[in-house]
Amino acid sequence: GEDVEQSLFLSVREGDSSVINCTYTDSSSTYLYWYKQEPGAGLQLLTYIFSNMDMKQDQRLTVLLNKKDKHLSLRIADTQTGDSAIYFCAENGSGTYKYIFGTGTRLKVLA
Amino acid sequence: GAVVSQHPSWVICKSGTSVKIECRSLDFQATTMFWYRQFPKQSLMLMATSNEGSKATYEQGVEKDKFLINHASLTLSTLTVTSAHPEDSSFYICSARGSTSGDHEQYFGPGTRLTVT
Numbered sequence: 001g002e003d004v005e006q007s008l009f010l011s012v013r014e015g016d017s018s019v020i021n022c023t024y025t026d027s028s029s030t031y032l033y034w035y036k037q038e039p040g041a042g043l044q045l046l047t048y049i050f051s052n053m054d055m056k057q058d059q060r061l062t063v064l065l066n067k068k069d070k071h072l073s074l075r076i077a078d079t080q081t082g083d084s085a086i087y088f089c090a091e092n093g094s095g096t097y098k099y100i101f102g103t104g105t106r107l108k109v110l111a
Numbered sequence: 001g002a003v004v005s006q007h008p009s010w011v012i013c014k015s016g017t018s019v020k021i022e023c024r025s026l027d028f029q030a031t032t033m034f035w036y037r038q039f040p041k042q043s044l045m046l047m048a049t050s051n052e053g054s055k056a057t058y059e060q061g062v063e064k065d066k067f068l069i070n071h072a073s074l075t076l077s078t079l080t081v082t083s084a085h086p087e088d089s090s091f092y093i094c095s096a097r098g099s100t101s102g103d104h105e106q107y108f109g110p111g112t113r114l115t116v117t
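Each protein sequence line maps, in turn, to chains H and Z.
Residue numbers for the first sequence follow this note's numbering, so the first one is 1 and each next one is one higher.
Residue numbers for the second sequence follow this note's numbering, so the first one is 1 and each next one is one higher.
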């Protein structure tokens, strides 16, 4: 079956880097995504990575993909209090457009 | 671009009544729309996939007679929760995928919070 796992909580100090990890099981996934959800709100796409890439950087965000270990990470540099939210990774299986979401990581940024 | 809206943003209804939630793609045509449910402090669970003009495909464990989905046009899908009960209280989120071949992204609506009393 498809299972996407994340650690539940992460707490960092403002200005530090945050690293949110995700492991998945579907090796046929074509794309992997990172979404941010603020309280009571919908999902905001932060970035995504194609499965044949190892790394993608977009301003303060760096995504690393280790296909061998089926491990995905999101690094947020210079974390700000406005980054406090729940972060979800998601994968889409090859041949489908369905997303399988991870369990979500609640990031708390301490001032 | 790629904006998806949902209406209403929140709704409170009595047990036994039906509630309709609308999902619209505002500036693009959506071949496929997805409906998710999110319980407090949990992840999003896909309920069903709907393609314009055809019947929705429901995920295992989702009652199709309880959660009626209609995707009558390329910009509108509706989810009707029939005979709602308190356990149906949840955050319902829709997403839409564009009609361009190879368009892998889903664009998410802001969600609808349903409370059944």
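Just to be clear, a hint being listed does not mean it is correct.
Now the in silico label distances, taken between C-beta atoms and shown as ranges [claimed, not checked]:
#1 G15/H x D65/Z: 48 to 56 Å
#2 K14/Z x D69/H: 24 to 32 Å
#3 P86/Z x M53/H: 42 to 50 Å
#4 S7/H x S54/Z: 33 to 41 Å
#5 A2/Z x T25/H: 39 to 47 Å
If you are wondering where the hints come from, they were derived from the structure by calculation, not from laboratory data.
For each residue, glycine too, the CB sits at the ideal point set by N, CA and C.
Outcome of the hint check:
no.: 1; hint: G15/H x D65/Z: 48 to 56 Å; in the structure: holds (53 Å)
no.: 2; hint: K14/Z x D69/H: 24 to 32 Å; in the structure: violated (50 Å)
no.: 3; hint: P86/Z x M53/H: 42 to 50 Å; in the structure: holds (45 Å)
no.: 4; hint: S7/H x S54/Z: 33 to 41 Å; in the structure: holds (39 Å)
no.: 5; hint: A2/Z x T25/H: 39 to 47 Å; in the structure: violated (29 Å)
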